[in-house]
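Undergrad: As they're listed, the protein sequences go chains A and B.
Under my numbering, the first sequence has 33 at position 33, and the numbering climbs by one with no breaks.
Under my numbering, the second sequence has 608 at position 608, and the numbering climbs by one with no breaks.
Check the hints yourself; a few may be wrong.
Using 25 Å as the maximum straight-line C-alpha spacing, the simulated DSS-like pairs for lysine-lysine come out as follows [claimed, not checked]:
1. Lys321(B) with Lys342(A)
2. Lys145(B) with Lys321(B)
3. Lys251(A) with Lys511(A)
4. Lys228(A) with Lys145(B)
5. Lys228(A) with Lys204(B)
Per label pair, the in silico range of CB-to-CB distance [stated by the list, open to error]:
6. Met248(A) with Asp338(B): 29 to 37 Å
7. Gly295(A) with Gly402(B): 22 to 30 Å
8. Gln109(B) with His531(A): 45 to 53 Å
9. Gly160(A) with Lys395(B): 53 to 61 Å
10. Trp179(B) with Ala510(A): 43 to 51 Å
11. Gly435(A) with Gln109(B): 56 to 64 Å
12. Ala505(A) with Gln109(B): 39 to 47 Å
13. Lys204(B) with Ala505(A): 54 to 62 Å
14. Gly405(B) with Leu261(A): 55 to 63 Å
Keep in mind the hints are simulated off the structure, nothing from the lab.
For glycine and all other residues, C-beta sits at the position ideal for the given N, C-alpha and C.
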Amino acid sequence: MIKQHMNRRIFLRGLGGAVVAAPFLSSLTERGVKAQSVAPKRLIMMFTHYGCITTKFFPTKSHGALAAADLSPTLQPLAPYISKLLIPRGLRSMNEWTQNMVRGQGNDPHTQVVGSYFTCQPVTPNSDNPFSFDQSTKFQAKPKGPSLDHVITQALSSDGKGTPLFMRVGNQSDSPQSAISYSAAGTAFPGLGTPSQAYSGLTGLFGMSGGGMMTNPNPDTYQSVRGKSIIDLVRDDLNTLERAPMSMDDKNKLEAWKALLNSTNQMMATAACNQDVATMLGATQANINAAGMGGLGSDILTTKVSGDLDGADIYTNVAALAAVCNANPVIVLKYPGSYVFKGLGITTESHSLSHRLDNAGMSGSCLPDAVADLIKVDQYYTSKFAYLLKQLDSMSEGDGTVLDNSATVWFSEMSDGNAHNLNNAPIIQAGSLGGYFKTGWTVNVEDGSATLSLGQSESQCTGTGSNQMANGLAQGTGTDPKVANAPINKYFCNLMNAMGVKAGADGFPAKGGTADVTHYGYSDKTEDFIHGGTNPATIHNPGEYAELKAGA
Amino acid sequence: MMKKRFLVALGALSGALAACSSDIKAPEGSGAASGTTGNASGGSGNATASGGSGNGTASGGSGNGTASGGSGNGTASGGSGNGTASGGTSTGGTSSGGTGGSPLPTTCQPGIPATTQVPRMLNRQYDAVIRDLLGVTTITSQQGKKASDLLYADFDGPMVSDAWRLYQQTAQAVVAEVWANPAEKSMFMSCDPSATDCLTNTIKSFGRKAFRHPMSDAEVQRFQALGATMPAGTPDEVAQATLEAFLESPSFIYIPELTTTMDSSGAGIALSSYEVAARLSFLLWGSVPDDMLNQAADNNQLGTKDQILQQATRMVAVKDKSGPMIADFHRVAWAQDDNTATSHWWKMDHDGNPLYQSALKPTYQAEINDFFDDVAFSGGSFKDLFLSNTAFVTKDTAAIYGLDGSMYGADLTKVTLDATQRPGFMTRIGFLSSYSHPSDTSPILRGAFVTVHMIGVDPGPPLPGATMTPVPPGNYTTNRDKITALTSSQDACKACHNPYINPPGFVLENYDSIGKWQTVDPLTGTINPVADVTFADGDVRTMHNAQELMTALSTLPKSKEIYANAWVQYATGRQMNNNDQCLVDQINTKLSGDGYSVLNMIADATQADSFRVRVQATP
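Chain A with its partners taken away, still in its complex shape:
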């Protein structure tokens, strides 16, 4: 059993000047490595479904410098990082489902929300009937553009084809009703389901940096040419296929594959990307093997793997290693939907739980302890986020830590899971991304008020008169739609600018652009999504939130 001890900070050798060039080493992956003099920038995202009990979640004040005492009971595990937190308040994500279709499309309370969350694009095909069970509109509709994780990685990769490290924590499959990552319009990006799949990509980077761990094959052996020979064969095969007449879509598939063969790619492996650091982070083969042993229907998230580490923590360890290795500029840990947290003593899946009923799909029996169970889930997620911060903060890098040089952000699908409301979004950021963001603050970007509504999520389905409060259809819970409507698009502009993404003259992110990003998505007004975006793209309030930036 491997017990992780992380009470000391690991210093990453060489960063800030010692990332070195390495030749192609294996047939597994091919990355160009070149010198750099500044710490890498990273966006590390955690995504959970069904919102939270907002009244127990948000800090007591919505604007101002944060002290540990300001944190809600749910967020207390984040207290050690209080000076590194940035909690943007007053944000709204796009394309909310309502029964009378007043704030978005009429596809589905989840399909359109997850599809639009990071794309800020409508989903297609559109539905103007909020209660239609049409397979294609309710269950298969996909967004009209790529999601933020891809927009950033594509912009920052030399060939424009970079992809994020996207991990589905728990290895549940995503349908359009739960998928958040799209590499292009209508193209879902499933990402990796097991820690092993991600880890095996990182071990290929070990030794690609300084530190004397290079494992070049002997140039006098077949091994030195074997990998390249196979790649040449694959390229030749692709070229042959490509000569046949076929659609552009098919040719693009072949071209994309060829581009991967030619990759001398985008990212720069760091000096600290090695087995020793992996071990210190708990990203070990033993842990990864143990984490992959979940059986059919088992709760692999909360199941202990090694000491206090549970299954979800192993994904986190790999994510932290990926951050250290600088394997991807964007790393996503996406938690599953409709999940039964058996290890927390909960027997109802999380979607039904969010509706305080034993059946989210229709009228169900009241769950008398639903709010208490939901708070347990919120606390569990918080502890996972805190562990992620701990891992990143344990790695010294340049003048700070990996956490400091990153923006690590926890997003949730919605604000209140029962109401499906998207205003008053619960978003927690940690890390200044190399000094770009203000930290140690909660910032109400809507109006600077310190008394923004906490929502009314604690309503319990009791059967004694409060059922109207638990009425999700009529949004009896949630937050008054008149408040907390600052568009999330602008926060995404913040993140893109902080990451170094550039825009074209129109302000939208563009490869080869030179301007700051001021525009993102189809629209920053959720009502524009009604009917699926029939008007030209419009950003009503361009720019980023200056108040979130350092020095503001």
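Place chain B on chain A using the hints.
TA: Just chain B now, kept in the frame of chain A:
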């Protein structure tokens, strides 16, 4: 019009059902019923109609947009069409469907759908392919996992770096596995790699099977180059590199269709015999052709429907190869056990019940697979999926079926159960324990599954004021009474729950939360399984027990349409379009005839013109 009126009648389904319906996914057929035809005008029409009546009874079908052609117009998909593309572009099939773009079709439009020419081998197919080519079923170095557990999830769109990396890593793991097992290695090469021509012969023989066509000289030379490097490899090293290169080749991972000869019908491009062989084997076996099919391809004997059917009939009878596909289709695609957030399968535990073990979920799942395979390979038909009383039990599961566990071992054993108590897959442990609560049944979950996925309800908008409702206080003696009180507390709920959703669940109340037969409710009352089930507009029948319900479902036209639709979508690996609807109609019609077995239906997927003729997608 009958179908449409029925849907109008369903307009008053509980708002919570419609609003938070992630738990239930519409069957393919339900979209056909309301998608294209319903659209905006249909939706508003429904709202008005149902809102006025509030009791879910039929209120006329006028003003509901165009009526769908529905089933029964099963004209053959003739070859006169010009292959106009419709629907989303195909990508070779993924769990997430096509790329969307239009609602599901409702009417047959003769013609050949445009399809990708580089469909990608699905992960379940990869497993079967390396089993058939190399004898590899698990990877020892990877904790005995299947290759599909190592690969990137099935996906739409172009190759991405992680997917490519995992193809490479998996190939290397397979090569190591093969080299550690002489029997597997002999399936790759049957000669000493240092012997003259051994490697070239291996390239030709293995390549014929792996690439599904005779290796061209250029392809052979491409592989021979692996042995012509400087520095040179040993024969064994080159042989290993050769196998790895095969498993990483686009011509292996894709199933290319590159011929350009127009079909004599003028409907599109005729697939070569090799391409037809590949379609046959990947459809029916999820794998590469065997020697007989390869020989038929070599002899150009796959150009007619009869020739294709002859092979298909032979192939579906090979249970070891077609069985996994048949079980996968029925369990995953039709019965919704697809490991998504919306699937209920296997999420429920029943820790307080001594007869149930969460650790046995794989066994419960295997039982369902065996059930579907048994129906198919015993010559069963659609109705047997609902009525067969054949089951498979172990020493640990027998007691749930009222059998003596000591009579059975650890492996699943075929048994015959009481036909009145155990008709079909919905009376087995897997379904009943998944569609339950931990300690009591869920007539709503079970009823919703039957209503949505078997009967084909498409709920319309709720009545104003619909809400999520708690159970009113009361001393209930049955779960049925409790649920009835719950869903009757508001007109908006009872309008749909009482006539549509609840009744099928009530009929299944004779099965407790793990699937054991019960006549007395845990709340002490006597179980009453009698309920009035609505099967279609104006078709309300009193069901007295599960057997009667399953019998009714097995003859229901809509249920057959849903099933046919699911099969065609599974077989084509893409979202349905109007061209595919023609095949659905054909199969649907046959399902109502006598003697049409599941295996007949499987083979019939090969009889559409679109199976041997393709149209290139544009641009």
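Undergrad: Assuming the hint says 29 to 37 Å, is it satisfied by the Cβ distance from Met248(A) to Asp338(B) or not?
TA: holds (31 Å)
Undergrad: For the range 55 to 63 Å, tell me whether the beta carbons of Gly405(B) and Leu261(A) fit it or not.
TA: At 56 Å between Cβs, range holds.
Undergrad: Could you tell me whether the CB distance from Gln109(B) to His531(A) stays inside 45 to 53 Å?
TA: violated (27 Å)
Undergrad: For the hint 43 to 51 Å, verify it against the beta carbon of Trp179(B) and that of Ala510(A).
TA: At roughly 49 Å between Cβ atoms, Ala510(A) and Trp179(B) fall inside 43 to 51 Å, so the hint holds.
Undergrad: Falls inside 53 to 61 Å, the C-beta gap from Gly160(A) to Lys395(B)?
TA: Check passed, 59 Å falls within 53 to 61 Å.
Undergrad: Could you grab the alpha-carbon distance between Lys321(B) and Lys342(A) and see if it respects the 25 Å cut-off?
TA: violated (37 Å)
Undergrad: Taking the beta carbons of Lys204(B) and Ala505(A), is their distance inside 54 to 62 Å?
TA: holds (57 Å)
Undergrad: Are Lys251(A) and Lys511(A) close enough, with their CA atoms no more than 25 Å apart?
TA: It holds: about 22 Å lies between the C-alpha atoms, which stays within 25 Å.
Undergrad: Just to be sure I understand the hint, the distance between the Cβ atoms of Gly295(A) and Gly402(B) should be within 22 to 30 Å; is that true here?
TA: With Cβ atoms ~27 Å apart, the hint holds.
Undergrad: Does the Cβ pair Gly435(A), Gln109(B) satisfy 56 to 64 Å?
TA: holds (60 Å)
Undergrad: Between the alpha carbons of Lys145(B) and Lys321(B), is the straight-line distance 25 Å or under?
TA: Given pair Lys145(B), Lys321(B) holds - Cα atoms ~20 Å apart, limit 25 Å.
Undergrad: Holds or violated: Lys228(A) and Lys145(B), Cα atoms, limit 25 Å.
TA: violated (28 Å)
Hint check: violations occur at hints 1, 4 and 8; the rest are consistent with the structure.
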